[in-house]
Amino acid sequence: MSPFFSNKKLIVLLVCIILLVALVGYSTSDRKTLTWPEQLVQDSVGTVQSAFSRPAHLVAGFFGNIQDIRNVYEENRILKSQLDDYASTQVELEELRRQNEELQGQLDLEEDLFDYTSRSALVIQRSPDRWNEQIGINKGSQNGIEENQAVMTSKGLIGKVDQVSQFSATVQLLSDTDVTNRISAIVSSDETIQGFIEGIDEETGHLRFSKIDMEADLEDGQTVSTSGLGGVFPAGLEIGEIVDYENDEYGLTKTAFVEPSAEFYHLDHVMIVDRSASALEEEIDPALTGEDDES
Amino acid sequence: MIVRYGFFLLLFAVLVFEGTVYQVFAPDFYGFPYSLIPRFLFVMIVFAGIYRGRGYALFYGILFGAVYDIVYSQVLGVYTFGMAFFAYILSMPIPAIKRSLPLTVTLIMVGFILLEYFVYGMMILTESTELPHNMFLYNRLLPSAVMNALFITVIAHPLRLWFEYIERHQNDF
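So the protein sequences, as listed, match chains L and Z.
For the first sequence, UniProt numbering begins at 1 and goes up steadily by one.
For the second sequence, UniProt numbering begins at 1 and goes up steadily by one.
Hints in this document: simulated from the structure, not taken from any laboratory.
Because the structure is a prediction, the values reported are computed rather than measured.
Even glycine gets a Cβ: it sits at the ideal position worked out from N, Cα and C.
Some chain Z residues close to chain L (C-beta under 8 Å, calculated; not the full set):
| id | residue |
| --- | --- |
| 1 | V16 |
| 2 | G19 |
| 3 | V21 |
Extracted from the complex, chain L is given alone in its bound form (with noise of 0.2 Å):
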């Protein structure tokens, strides 16, 4: 046998080796779009990849719905218990639509942070060696998707759009460790309370709800939404609930953390939510207007 690396097959490998850290840099770095080839890539393998996940998906949503049958009679005697609040809370939720939309009308609203659209897609994939928290969706720019839209399943919001390809894209979940996977969020009570979703606690699985306020009234059990504040994120879309806070390390502000209300593993549909309010008024917005604003 010859030996491993003769004088040739070391050059070779140094080369390799400069060109793994100038890919690295390149990918690590803040791109913006994805290049061509990789859009190529993607899409082709995002097309095998929808026809194994159909399949897949209803062989697991069907055991699925033997797990439900066999809960049905437990949960219908506790709905059964709710229905006499939700008619009242609906009278409620009636008078006060009305009253918001009266109001709003006299204030000359037309859209507001709250207002989103969304679209549903099929989760095509999930990467499998567990390093990043990030799943394919079979939707693209060629149906409307963009960077950084949120998207949410029925139960509350899951994660961003991360990468887009023509038909295809991928989507960085909340529980992503990644250091610029940073979402704005509120605590919703009598104050408002702003903070910063960053990433998860490995053992307990909890989100992290960072740069709070340290004068702030934090409570267990408060619903985390998001602000609506961060880009292109709508507000109001829900997150979790508080579970537990402490100083940070520092002292200078507090972090709680957020049990999920969506659940990150058993995905099959999303939707991504795209926010019909701009995100800045076009006067006052200095790309549009072309004033500097340095001073």
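Starting from the known structure of chain L, arrange chain Z on it as the hints suggest.
Chain Z alone, transformed into the frame defined by chain L:
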């Protein structure tokens, strides 16, 4: 056709399977405490390298490593380099290894562990993970190694028969 492109198509199907069907039924989503990472594609490439020569391992390693990078990973280049390099250095076409199944499986598992450590190192380097080493070792590496070893043990015999069939029919083309 099936002789010439069969193994390529099989590897492609395995690549897609790892990300779709396996993920729908992944045991850790159903409450299994350890994460079982499928590396079926890589162990099959090393197996092909041992039986069919280094060139195959290098070619399939680069090709499927690149696709794996683009489709499943955020950081390009990690699997392209890792799969090709470790498949290349571990494809030892020695008759003694070819004849003995335990030796083959051991060699492939060495490759698996090297690849996992390489990728873990790259993920730490690019700050994509904060997983401590003992969690990585006990919750991820060892259980996955057992699963992949079982996988390659099961498919070793059919694959070997297939390779022998290809060798015999290669001259027909």
